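Chemist: From first to last, the protein sequence lines are chains V and P. Numbering-wise, the first sequence is residues 1 to 374 according to this note's numbering. Numbering-wise, the second sequence is residues 1 to 145 according to this note's numbering.
Keep in mind the hints are simulated off the structure, nothing from the lab. On a predicted model such as this, the values are computed, not experimentally measured, just so you know. All C-beta atoms, glycine included, are put in the ideal place defined by N, C-alpha and C. Hints should not be assumed to be uniformly reliable.
[As the list claims (entries may be wrong)] Just the calculated beta-carbon pair ranges, DEER-fashion:
(1) V:54 x P:10: 40 to 46 Å
(2) P:18 x V:295: 54 to 60 Å
(3) P:125 x V:355: 36 to 42 Å
(4) V:295 x P:19: 19 to 25 Å
(5) V:158 x P:111: 36 to 42 Å
(6) P:141 x V:64: 15 to 21 Å
(7) V:189 x P:32: 56 to 62 Å
(8) P:124 x V:182: 48 to 54 Å
(9) V:352 x P:129: 35 to 41 Å
(10) P:140 x V:40: 41 to 47 Å
(11) P:70 x V:155: 34 to 40 Å
(12) V:209 x P:6: 47 to 53 Å
(13) P:69 x V:189: 39 to 45 Å
(14) V:240 x P:42: 15 to 21 Å
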Amino acid sequence: MEQVIYNSADLKSQEYFINMGPQHPAAHGVLRLILTMDGEMVKNIEPDLGYIHRSIEKQCEHEGYKQIIHLTDRLDYLSSHMNNEAVALAIEQAMQIEVPERVKVIRTIMGELTRIASHLLWWGVMGMDVGALTTFMYAFRDREMINDIMEETCGARLTMSYSTPGGVMFDLHPNFVNRVKEFIPHLRSVIPKYDELLTGNIIFQKRMKNVGFLSAQDAISLGASGPVARGSGVSCDRRIIEPYSALSKVDFKEILYQEGDNLARYNVRMKEMYESLHIIEQLIDNIPDDGIQAKTKALIKLPKGEFLQRVETARGDFGVYIVSDGKKNPYRVKFRSPGFSNLNTLMEIGKNQLLGDLIAISATMDFVIPDIDR
Amino acid sequence: MKNKLSNKFPNIEFAEDLELLTMTIPQEDYLSLMQLLRDEFGFDYLFSMTGMDWGKDLGITNHLENTNTHEMVVVKVLFPDRENPEIETLEKIWKTAHLHEREIFDLFGINFKGHSVMKRIMLTDDWEGHPMRKDWMDETKMIIR
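Chain V extracted, bound-state conformation (with noise of 0.2 Å):
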């Protein structure tokens, strides 16, 4: 019988296109990437967006000042509250309105608490991406506390609207301070197994270092914000750049890490947690006693003129850009996504990836998908 024998040089390869999503697994919701693939090698990434687009923007442009908070939940379901925070303090800062110092307290503790529990989802869908099904469960567990928490005071464990022009929509619950100090050190207890469990995990090393690399200046130019770019040694909290509600009055530290691979995303977060404890605690047991409501008109109309206002969502770079005509519904409203600049970063670092690894770093970037369609 004669022999073929195939000399890899004389084998040609074709290009192919895959649909990553819109409902794939590793892509949290309806994200649909068109990938186009030689071989395992990824080519070129094309996002198809709008299967969540709601227009919100459009139908802020027919919303009174006050509904629009509530329409900003279902941006970023994850930063819900700094989201509803952001619209408040632009609203605020076009009113000139003073807002009492507990509210700015509450508004930072809620905002550091969401961060928390964004980080904590993240960390555990992020090792169900790379094949860590355990990790999912554990996050769960913790997350649970903070949800139960804000459920007592917002009466809400994921869209809370709990920030209105001028204050906060209802007091806190009088068991709201003894649950926040005992689930501050059980989960200083908790992260040390986290890492145990995935970081230091050698699979989990290997799939991280040294992939997806994003530089410094790529990140800049990309619009990259947040733990992605922190991650690349960008610094760019917008908490500390221009601290807002009480994070003036707080010390905690800029997480940076200068590698800017998959692992520096993942150790950013992971350490961002440590610092957000660490401002809970120096608020927790002094919260200023003067109301929860600062006087607004009834009817709320902002004078003419054009309003940004930035928060650090714990997705970065969050932007409320409010034009007015001085009606009581705003001319145009821009939320400017920090999920929508880091998706551009994906396509630009996802390129000339394996498959897999693209998964791997879709993972470190954190999508949530409403946040991008908006």
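Could you slot chain P onto chain V? The hints should help.
Modeler: Coordinates of chain P only, in the frame set by chain V:
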């Protein structure tokens, strides 16, 4: 900085009553001014690009940040021609412009010359009109109750 810019671009208009340094520039100066802002004044971070419908004119509002000093500037361009608004792409200056410009193209119908993939991104390819424009009619009451 204001003086430097108005020397170089005489048709630039600065807004007086806004908190951030805001300028409105003619279309033909757009690309060279944006390039100058990044190269000479260090505005290396394109925070956002916002499509605008000012009623009569369409427009774009760009927010830029200097990542060293954290200063911000706002650059506006207006398009009196609502039928064929067109402008150069910023893709080569800031990579992040890629997605922002596609969103504006989709929702406002402003065309970007030289953009690598000028296709709709949010809506389907057979969608008629540009829903973020003020004159778009929401016949099915999809958004506006």
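Chemist: Against which earlier hints does the structure fall short, listed by number upward?
Modeler: Violated: hints 2 and 3.
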